[in-house]
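Residue numbers (my numbering), protein chains in the order written: chain A, 630 to 970; chain B, 630 to 970.
Just so you know, not all the hints are guaranteed correct.
[Said to hold, decoys possible] Take a look, some chain A residues computed to stay more than 10 Å from chain B by CB distance: (1) Ser660; (2) Gln706; (3) Asp780; (4) Arg846; (5) Ala860; (6) Lys890; (7) Asn954.
[To be verified] Computed list of lysine-lysine pairs in BS3-like fashion (alpha-carbon distance at most 30 Å, straight line): (8) Lys882(A) with Lys665(B); (9) Lys892(B) with Lys882(A); (10) Lys882(B) with Lys868(A); (11) Lys755(B) with Lys832(A).
Hints listed in this document are in silico derivations from the structure and should not be mistaken for laboratory results. All of these numbers come straight from a predicted model, not from anything done at the bench. Each residue gets a CB set at the ideal place from its N, CA and C atoms; glycine is no exception.
As a plain string of letters, each chain reads:
Number of protein chains: 2
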Amino acid sequence: MQTITRVAVDAMGGDNAPLEIVKGAVDAVVSHDDIKVFLVGQEEAVRAELKKYQFPAERIEVVDAPEVIEMAEPPVQAIRKKKQSSMVIGMNMVKQKEADAFVSAGSTGAVLVGGQTIVGRIKGIKRPPLAPLIPTEAGASLLIDCGANVDARPEHLVQFARMGSIYMENVVGVKNPRVAIVNIGAEEEKGNALVKETFPLLKECHDINFVGSIEAREIPHGGADVIVCEAFVGNVILKLYEGVSSTLIGVVKQGLMSTLKSKIGAALALPALKKTLKSFDSGEYGGAPLLGLNGLVVKTHGSSKAAEITNSIYQCVTFSKENINGIIKERIADLNQNEQE
Amino acid sequence: MQTITRVAVDAMGGDNAPLEIVKGAVDAVVSHDDIKVFLVGQEEAVRAELKKYQFPAERIEVVDAPEVIEMAEPPVQAIRKKKQSSMVIGMNMVKQKEADAFVSAGSTGAVLVGGQTIVGRIKGIKRPPLAPLIPTEAGASLLIDCGANVDARPEHLVQFARMGSIYMENVVGVKNPRVAIVNIGAEEEKGNALVKETFPLLKECHDINFVGSIEAREIPHGGADVIVCEAFVGNVILKLYEGVSSTLIGVVKQGLMSTLKSKIGAALALPALKKTLKSFDSGEYGGAPLLGLNGLVVKTHGSSKAAEITNSIYQCVTFSKENINGIIKERIADLNQNEQE
Chain A
630 MQTITRVAVD AMGGDNAPLE IVKGAVDAVV SHDDIKVFLV GQEEAVRAEL KKYQFPAERI
690 EVVDAPEVIE MAEPPVQAIR KKKQSSMVIG MNMVKQKEAD AFVSAGSTGA VLVGGQTIVG
750 RIKGIKRPPL APLIPTEAGA SLLIDCGANV DARPEHLVQF ARMGSIYMEN VVGVKNPRVA
810 IVNIGAEEEK GNALVKETFP LLKECHDINF VGSIEAREIP HGGADVIVCE AFVGNVILKL
870 YEGVSSTLIG VVKQGLMSTL KSKIGAALAL PALKKTLKSF DSGEYGGAPL LGLNGLVVKT
930 HGSSKAAEIT NSIYQCVTFS KENINGIIKE RIADLNQNEQ E
Chain B
630 MQTITRVAVD AMGGDNAPLE IVKGAVDAVV SHDDIKVFLV GQEEAVRAEL KKYQFPAERI
690 EVVDAPEVIE MAEPPVQAIR KKKQSSMVIG MNMVKQKEAD AFVSAGSTGA VLVGGQTIVG
750 RIKGIKRPPL APLIPTEAGA SLLIDCGANV DARPEHLVQF ARMGSIYMEN VVGVKNPRVA
810 IVNIGAEEEK GNALVKETFP LLKECHDINF VGSIEAREIP HGGADVIVCE AFVGNVILKL
870 YEGVSSTLIG VVKQGLMSTL KSKIGAALAL PALKKTLKSF DSGEYGGAPL LGLNGLVVKT
930 HGSSKAAEIT NSIYQCVTFS KENINGIIKE RIADLNQNEQ E
């Protein structure tokens, strides 16, 4: 008997909703027969999009959610007031075990608030981190935490390191993933107060492969598989990554188009160039999981197209089949519960 | 009467010393007649390099410094023990007013320690920040602070903002420079404890053009002229900038070389591409000033070639002629002294 992973998808979230979201969901169920998608959103709009495609009807279900949470809304208020929004309804499905996971390209703030207040933390987990995969020369690394809860404490970072390690090993398939803490030098005595306090605690974790500090310069070279940092620094890394990449690609394009000779060269070189640049495109890796909750919540980029939505849905399947929450509970949450007793 | 700016240059610092350092110094005095350089280093090695060039002899003087501080040495110990090193001798020349500035491509830690303990802080300046210019689409922005003193307090960041503003206006020539604080969202209520405390203080500074928060994504687009942050975050930004740029340029090259067709295209496109990428090369902007000292100390990249050394020496001329230390003293240090009384 095959297990079906049930994924609730926020059909109204992000810049390209519902068009690209619906397309991504259809692609997911067409290409994988172990997925069922609940498209949560304004029913009429969602059904109008669905009409464009052929797909196994029993594996896409539309769940009506008349309200929409906008990108700029204050998240706490939005989650509290808009009970009929796609985000609140989708997360409640995870809470009620009607879905295994929830995927949204909507407001990051609302996803974080909803994840914690509706889906809820696994007992013993102190703070759920948002952990996107970022592209590197070597493949991809997990950057944990990029959420909204800044000023973390050392014990939070230790839990991030463990959850990140479990995720990379069991969902992404990296054996014995190298875990490093973001620092301003390679030596143990370097760093700010938080890093200096966290470093010895990570060294004591025998269930992870802690390799020490990583300087930001080494991140794009793939210097570690799990990159641990508090959310302010993580946010800076994530957004600077995007900013520098898009600026440089713009500069390269401008260079290629600046003379007649270079334009001819560009026409010849572009197909190959696009192919290698694709390996550096974060969209390939799907969304960022919000870990440590009673169910999986995945936040994908606000500008997500269908391919990213599809990849985010695939992520949920491995997460669910590998029983990641069970492992997190067993290896982290229970441990911390015992320590506190 | 023409004023001559006297710059002491660490002939032994960095990966390409003394070869590129000496070449950079020669280029500086040949192209500008208002500069005198003291090449501080192992006399024999420096003179052997100097022999290769023709230059106005009265404007380069060799100062013997038999000891060398290595990149990996613990900085405090190195500065304390190696009294005959190029770094200690060069900084003492600034302290004794025998030189207006000191330029080094050597160990960042040693430059920071030497700057504070030998050259010394301007009275009223709480912490001297290291402030590199980073390339953007629009030109360059000053990233302040990237030093080694992490866990800054709000009053430090306020001084950084003011010193950075003075530097960009008077040395780089940006009128009314836009000052922003690095944050994880544009709204005033966002941020970690440090940013939230600093934000209202910056709003009250009527001598700077404070434009609010800047997200890391906007930095490469040139979203502000002075980018204020504490040193841990600054260090992460600076090094990630380098890491993502070098990785992406590598990916682009790999793409261009991956097929026969693309190789032909690359041959046609490369000259124009190199020209535009040069505008995104931090070497063009010289080194990072360590501000707030009784004299100027400039740290250039460890891998500096002659052109970067020359640019770093030019920086010192403007700094000295525009009397930046006088302005810092008048506008920041005295103000803080008064506040404390």
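Now the hints, each set against the structure:
{"no.": "1", "hint": "Ser660", "in the structure": "holds, 28 Å"}
{"no.": "2", "hint": "Gln706", "in the structure": "holds, 13 Å"}
{"no.": "3", "hint": "Asp780", "in the structure": "violated, 5 Å"}
{"no.": "4", "hint": "Arg846", "in the structure": "violated, 4 Å"}
{"no.": "5", "hint": "Ala860", "in the structure": "violated, 7 Å"}
{"no.": "6", "hint": "Lys890", "in the structure": "violated, 5 Å"}
{"no.": "7", "hint": "Asn954", "in the structure": "holds, 28 Å"}
{"no.": "8", "hint": "Lys882(A) with Lys665(B)", "in the structure": "violated, 42 Å"}
{"no.": "9", "hint": "Lys892(B) with Lys882(A)", "in the structure": "holds, 17 Å"}
{"no.": "10", "hint": "Lys882(B) with Lys868(A)", "in the structure": "holds, 24 Å"}
{"no.": "11", "hint": "Lys755(B) with Lys832(A)", "in the structure": "violated, 35 Å"}
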